[in-house]
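S.K.: Combine the two chains into a complex, taking the hints into account.
Residue numbers (the numbering used here), protein chains in the order written: chain A, 1 to 498; chain B, 1 to 99.
These are computed hints drawn from the structure, not numbers from a lab. Computed from a predicted model, the values in this text were never measured in an experiment. Mixed in with the good hints, there may be bad ones.
Lysine to any residue pairs mimicking SDA-like chemistry, simulated, CA-CA at most 25 Å apart [what the hints assert, rightly or not]: (1) Lys107/A / Val62/B; (2) Lys248/A / Glu14/A; (3) Lys107/A / Val67/B.
Computed Cβ-Cβ distance ranges for the label pairs, DEER-style [said to hold, decoys possible]: (4) Asp111/A / Asp22/B: 20 to 28 Å; (5) Val68/B / Ala59/A: 43 to 51 Å; (6) Lys61/A / Gln87/B: 38 to 46 Å; (7) Ser48/B / Arg276/A: 37 to 45 Å.
Note that the Cβ used here is the ideal one computed from N, Cα and C, for glycine as well.
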Amino acid sequence: MIRLSAHEMASALEAGETTSEKLTQEHLDRISSVDADVHAFLYVDTEGALAQARGVDAARKNGEKVGPLAGVPLALKDVMVQKGVPTTAGSKILEGWRPPYDATVVKKLKDAGIVILGKTNMDEFAMGSSTENSAYGPTHNPWDLSRIPGGSGGGSSASLAAFEAPLAIGTDTGGSIRQPAAVTGTVGVKPTYGGVSRYGLIAFSSSLDQAGPCARTVLDAALLHEVIAGHDTHDATSIDAPVPQVVKAARDGNVKGMKIGVVKELNGDGYQAGVRSRFEESLELLAKAGAEIVEVSCPNFEYALAAYYLIAPSECSSNLARFDAMRYGIRVGDENGASAESVMNLTREVGFGREVKRRIILGTYALSSGYYDAYYGSAQKVRTLIMNDFTKAFETADVLVSPTCPTTAFKIGEKANDPLAMYLNDIATIPVNMAGIGGMSVPCGLAPEDGLPVGFQIMAPAMQDQRMYSVGAALEASLLTEWGAPLLSRIPALGGAK
Amino acid sequence: MSTLSRADVANLARLARIEMTDQELEDLSTEMDVILTAVARVQEVATSDVKPTSHPLPLRNVVRADVVTPSLTPEAALSGAPANEEQRFRVPQILGEEA
Chain A
1 MIRLSAHEMA
11 SALEAGETTS
21 EKLTQEHLDR
31 ISSVDADVHA
41 FLYVDTEGAL
51 AQARGVDAAR
61 KNGEKVGPLA
71 GVPLALKDVM
81 VQKGVPTTAG
91 SKILEGWRPP
101 YDATVVKKLK
111 DAGIVILGKT
121 NMDEFAMGSS
131 TENSAYGPTH
141 NPWDLSRIPG
151 GSGGGSSASL
161 AAFEAPLAIG
171 TDTGGSIRQP
181 AAVTGTVGVK
191 PTYGGVSRYG
201 LIAFSSSLDQ
211 AGPCARTVLD
221 AALLHEVIAG
231 HDTHDATSID
241 APVPQVVKAA
251 RDGNVKGMKI
261 GVVKELNGDG
271 YQAGVRSRFE
281 ESLELLAKAG
291 AEIVEVSCPN
301 FEYALAAYYL
311 IAPSECSSNL
321 ARFDAMRYGI
331 RVGDENGASA
341 ESVMNLTREV
351 GFGREVKRRI
361 ILGTYALSSG
371 YYDAYYGSAQ
381 KVRTLIMNDF
391 TKAFETADVL
401 VSPTCPTTAF
411 KIGEKANDPL
421 AMYLNDIATI
431 PVNMAGIGGM
441 SVPCGLAPED
451 GLPVGFQIMA
461 PAMQDQRMYS
471 VGAALEASLL
481 TEWGAPLLSR
491 IPALGGAK
Chain B
1 MSTLSRADVA
11 NLARLARIEM
21 TDQELEDLST
31 EMDVILTAVA
41 RVQEVATSDV
51 KPTSHPLPLR
61 NVVRADVVTP
71 SLTPEAALSG
81 APANEEQRFR
91 VPQILGEEA
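With the rest of the complex left out, here is chain B (with noise of 0.2 Å):
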């Protein structure tokens, strides 16, 4: 099976948004050689004329009638936030600042 290079699980964790140390790196490219080899045993009876299950209930979607309901206050909704301003979630920023 394919195996993982230290840049590759690099990679995988950029798009994870993980901060990395190189040990972290090293470790999980290891790992995930063994853990990928385990797992690859599905494709053993994955054929192509089974249908794949994303889910155990036949699922639909669900709606409710358009109406207002109690919910969170702004206080109660801000109340974990690492920071906020004006009743609105404080955040670092997103665009550069020459954007």
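Pulled out of the complex, with its shape left as it was, chain A reads as follows (with noise of 0.2 Å):
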């Protein structure tokens, strides 16, 4: 049961086949079997998973109108509140931290009957693109046990690799939900900015952050990100306007007509060169399904690391003021009469881990007079130039397309000394944030070389989310006839795995 996509096991439910109860408990034990090597949860909360399902078995039974989700479990990334369940956002400094609500994208989950098993692990504050920045330990790719599953998401990207959830709740500030996607050999979806309400996520670079769906099929995808998408009051910068229409895109999808633009710039040198063959055979396939392929050029891409590198930390430096260890989290050194300051200084220093203090640094600098112009002024700059490239590519091209990674995994504890070649991971990712328009990683098959997933990135003008489904449904239908079995299958089997 736990290798069935969540529609299928929606579909399962429906039919009485199984319960909510048994299916989560499948994947319980899934976790008990398989975490202690993979890493994936920062916390299982089995007693409310179980309670959650029990809840929905029995609607169902009374006859109520449930949800197309309703019963299937989800892994919860720990960045989201949850009223009462353990939330550390990766980092020290929350230990221990139940939160006294939830989050808008945990209510309409809870709403729709999808059954949260427990918080993934994180790159602490979703600052990184390996999982190693969390304070409670890396997590591994199911794939290779020895390689990063991607971040800052990597624990909700793991748990679907590892079939310890069908579901995941993702978040993407240069590339978090999709750059694991691309490495796990899963489906991650970034919406337009807006799209999926924010309150209750912790918050890292406001003007990029944005919450999303993460699965193991595009329609399982799709019937997520209608779940969580939506307005919501609690959000000023959530756009009020209708979900675009995502379940029916990747039900049909059809790409015939549809015009995709090959972002020059994000391919060629740097990229691995089984990353460029399986991209170019995608090409192809969607080719082969109607689709017209056009060559388009954005060339102020080349600055968005650069001007991402200034605009985040500089956001992440005024966000993370809020830790301050007077109204919740950890407090360290208040006694003998310390001052605030003096614990603010000693919480902060022993909370957080390197890389978030390297980011703070970095963006009070940044933002310090004198300084301003020259970097967090001039990155601004380049944010509308990336805008603009982007406004004039969708003029001739209805998506764009690159590969999602320039590599494939890398092995835990090789990029971890050296901040600037971790921070090029996300170099085909970051420009979508700059513009606050949606991205999706589709997985595209191993790199010849290493064996390893690669993901195909698809990029949508703001709230046209679904046009991104109809390309990455098509591309999974070729692969799927090409292959005869998803990627998956070809999933190395897990110690201890039944």
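M.R.: In structure tokens:
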């Protein structure tokens, strides 16, 4: 049962072939047997999940109308607050904290009858591309346990690839949904900025952060997308417009007559050979499916990474000021009449990890008087140039595509001491966040040289998220015909697996 | 580009309210040099004719009617506090003893 898609699980529940309680228990058993090796979860909410599952079963038995994913389990990234359930955002500073309220996304999941299994591991405050920056130890890629599962949402992507959950929630500030999806052979979607409420999402970079669905199939991602999306009065940046029809697009998977633009600047030098060959093959399949492939140029994308590493740290240095040891989280050094300032300094020294401190310092510098125009101000101008590049490219193409990441999953520890090398992982995903548009990563095969998954990125204009699902579903269907079975059927068995 | 001395990093850490060890200050000043050199590339294209963008959406103020809606109880609001007293957050002294 655990290897089915979420959609298939939902059908089995609907047909009365199983119950949510049984399905949830199967996933909890799977977590018990493999998570010591994978470490996708920071907290497993056994009792809460089973209680929720029994509630859905009872509702179904009573003939109540339930949602299309009711009773299906999900893994929640630990950056989303869930009432009464430990939430750390991968940071020591929030160790032991139990939020007093539910994020809007969490409320929508609960209302839809989706069973929340637990909280998944992540780079501290979502800052990183490998999950190595978690204060609670790294997550391991189920394809090869010595490798990273991507980041910051490595726990969510690994839980899907390890069949610990069929659905997960991620958040994407510079690629934290799409890059983990790419390196684990799963599907990850960053919706249009403002498409999903940020209320209850612990903020890293408010103008870039966006929550989205993670799954093993494009249709599953679409079903979850429609559950969590929509206007929310608790988030002033939430878009008050109908949710794009992503489920319909995922079911149709129609790309006939669609113009697909290959971004010249997001390919070539610096991209692994196997990543490039899988990407090229996918383009051929899409052309066969009836799409027209064109080349587009976005010359300012080469400055996106530099601009991102000024904007994101600047916003983070401001957002993370809330961790002041006064209202929640840990408090260090509150003794012998110590001052509030001294307690703050000591708490933040102990509570924050190395990458978080690095970014706070960088952001503090970029925003300081005398340097503001040269750094933060210039980065904001680059943001305009990137948006202009997208606008122009979308005049000739309906969607844009590229490899999701320049390489497949690297070894744990390989880039841990080289922040710039680590930042390069996000080179193809960052432009999407800068412009606030939608982006999706779909698995497109294994790189021949290392046998590891490669991701295919699809980008669509703001609030045209359905276009990504059309292309993603078309590619997924074509590849399935080629392969005869989903990519994840080729993943090695995990130790202790049944 | 400007390089950051250890003293500069110490000042930034003070502004950001993070106590740092000597080793951390040392490491960060080296790392900041490398990172700042890389990110300074934005200046190559950030010419005076380009308008800055702070946010992907056209921002406007969002208001709602001033009506009382359910919110957290004092107990719930204080539930995560490191210390509380008489339904309030208890914080270390902010002003000196003599103030």
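S.K.: Compare the structure with each hint and give your call.
M.R.: Hint check results:
no.	hint	verdict
1	Lys107/A / Val62/B	holds (22 Å)
2	Lys248/A / Glu14/A	holds (20 Å)
3	Lys107/A / Val67/B	holds (22 Å)
4	Asp111/A / Asp22/B: 20 to 28 Å	violated (52 Å)
5	Val68/B / Ala59/A: 43 to 51 Å	violated (32 Å)
6	Lys61/A / Gln87/B: 38 to 46 Å	holds (43 Å)
7	Ser48/B / Arg276/A: 37 to 45 Å	holds (38 Å)
When held up to the earlier numbered hints, the structure conflicts with 4 and 5 and fits the remainder.
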